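Note that the protein sequences, when read in sequence, are chains A and B. Heads up: the first sequence begins at 2 in this note's numbering, then just goes up one per residue. Heads up: the second sequence begins at 14 in this note's numbering, then just goes up one per residue.
To be clear, the hints were calculated from the coordinates, so they are not data collected in a lab. What you are looking at is a predicted structure, and each value in this text was computed from that prediction instead of being measured. Beta carbons: idealized from backbone N, C-alpha and C, even for Gly. There may be inaccurate statements among the hints.
[To be verified] To give an idea of the interface, some chain B residues facing chain A are shown, with a C-beta separation under 10 angstroms as derived from the structure:
no., residue
1, Glu51
2, Ser77
3, Pro205
4, Val295
[As the list claims (entries may be wrong)] If you only want the chain A side, here are some residues facing chain B, beta carbon under 10 angstroms, derived:
no., residue
5, Thr5
6, Pro9
7, Val10
8, Gly107
9, Gly135
10, Gly136
11, Val138
12, Thr150
13, Asn155
14, Glu157
15, His158
Chain by chain, the residues:
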Amino acid sequence: MSDTPVNPVDGLLRMDRMPHIWCGGCGIGTSVNCFARAVAKAEIDHEHLHVVSGIGCTGRVAGYVNVDSFHTTHGRAIPFATGLSLSRPDSKVVVYSGDGDLTAIGGNHFIHAARRNIDMTVICVNNFTYGMTGGQVTPTTPYGAKASTTPYGNYEHTFNLPNLADSCGAQFVARWTVYHVRQLTRSITKALKTKGFSFIEVIAPCPTLYQRRNKLGDGVMTLQYYKDKSTIQNGADTADVGMSFQSDIIVGEFVERESLTFMEGYEKRMKEILGDGFVPYRGAK
Amino acid sequence: MAERKGMEVSIAIAEAASACDVDCIAAYPITPQTHVVEHLSEIVADGDLDAEFIPVESEHAAMSCCCGCAAAGARTFTATASQGLALMHEILFIAANLRLPMVMVVANRSLSGPISIWNDHSDVMTERDVGWIQVFAENGQEAVDLVIMGHRMSEDKRILLPLMVNFDGFILSHMVEPIEMPTREEVKRFLPDYEPQQRLDIDNPITMGPVGMPVVYTEAKMAAEWAVRDAYKPMVEIMGEFEKEFGRKYKPVETYRTDDSEILFVVMGGISETAMTWVDKVRDAGVKVGLVRFRMWRPLPVEDFKKAIAGVKVLGVLDRHFSPGGPGGPMAQEIKYMLYGQDHAPKIVETVVGLGGRDVNFIDFDQIFDRCKAVLGGAPVPPFELIQVRGGHYGKA
């Protein structure tokens, strides 16, 4: 037997798929590290954990985790996950994708999964750009920030993602940067234990496209910015946590609430109407 | 005559769209098309093109937005590929049936799954029936020229249809090629200002896209059939006028060294450049073989094709897409439609090659040629074959 210490997150990763495709200084790997530790802390059996991703750099997560995972088409991670979650109510379904995938092409699904309170955890790595296709503008690119399709800076309004999730009824909403690894791990742990729709925004650098194009330095300099400009405000009103270009970043756990999940609402209504005649669904065989 | 300069084909296409003085561009990022619209966004942002660049939230939105632009009477351009084209699917019919002129370039890429960003023709071939004009470029110059001709064709009062310019993803889109880029002034002489036949206009209100009850739906479809079929003649005319202005000759169906050939290969897109090089090699060794290429795919240039293959004994058809469990590749299917029941029709050796970016090289051409020679010698015509499969061919493994 070798005495080489084993990385505690190795069990959740497909080591045969390493090295990963992410660039040096990218924040996605850090978030996956936090996720792997959170899965361990939440004591979630890998047999009952499913990771669903869309397309993009963050979309690659589904291929790197050593659990049943689904790498779907662009924008459709949430509806795939909805089907999975409803047919396997005994499992924990995690959607792991990027800002472009979840809030642009998949934005409609995001608001409806939160509104329906589908039992899933959505982890959105927000690097403010489409990384894989070359750094185009996304719905989260801050006003004035440059992208390959906005060479003189973005001129559109941007999403405040925690506020979007909150206003649609998410049960748990948090935001951290990849500098806040311990807090992020703790929040993912909490989200995994939350019943219903939970949402975590992970602010992360894209040194290759977003940081470079906007002359913001490398990954380390971006972490310094996160460290200097982040303030923790647990319970903050999500309407007040919007970000702008290189602004202060309000991080923390903003929302914790409890309302009926989609499945609970369905069963409650059917019992009201059908009484004892109603046979609740107990998942795929 | 413009100077020939080395340019990435995607950049050249963007410059061509800019030279056409387009008014609206709505697009969403998808590999391998991205450089086209990225460069257009720069041209617009620099003030070199007076146009609206709209970075929308999906391809479904992009095509919908393009329909809105075209309905308002704007010269409209977009670009996509693969899943993006698939996501546009329902709106493609609407653009065609509402007779909304626009040009879309498609950097042909395979469809998921498995996820693949590389080249084949599965994206466009699954959109054969949407009612658009569809043309295929062989190289960068042709893609540029088809964009310029495309706007003229699309807006021609005898056509008034959206037009799709297909060019192979990566194989062409990311290639640096010598391009003769027409200036805006030259293009303006060839492509006059766009005057819509009808547009949404508050002074003369019309409704576009209402319900077609059964009493009119069939007639609307008949009109769509006429529109695409009748586009052939004005398209050929416009190709002729393009030649007069720019000196480059385009035909619906291209042929290469077909003289005295008993066997012809039939291809589409960038693969024909490899095929021509292979034909040269084989011809130099004294074997009579030639090449036919579809440039125009919708409307289907039936008579041009029949003329191109007249007298030939065997056709080796190289499709880049197929219908699982169905009749093989789309090009072979349509060739059979064109030739069925005809006296002395050539025998057709169907192959599907180059799926998901698999390189098609001389060895593959040699293999297909061997099959064609066997059929020429009297061997039975084999069913369609998906060649290049590691570990054995379809039906033989």
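Going through the hints against the structure:
1. Glu51: holds, 5 angstroms
2. Ser77: With Cβ-Cβ at 13 angstroms, over 10 angstroms, it is violated.
3. Pro205: violated, 30 angstroms
4. Val295: violated, 40 angstroms
5. Thr5: violated, 34 angstroms
6. Pro9: violated, 30 angstroms
7. Val10: violated, 25 angstroms
8. Gly107: holds, 8 angstroms
9. Gly135: Holds: closest Cβ of chain B sits about 5 angstroms from Gly135 of chain A, inside 10 angstroms.
10. Gly136: holds, 9 angstroms
11. Val138: holds, 5 angstroms
12. Thr150: holds, 4 angstroms
13. Asn155: Given a least distance of 9 angstroms, the restraint on Asn155 of chain A holds.
14. Glu157: With Cβ-Cβ at 8 angstroms, under 10 angstroms, it holds.
15. His158: Violated: closest Cβ of chain B sits about 13 angstroms from His158 of chain A, beyond 10 angstroms.
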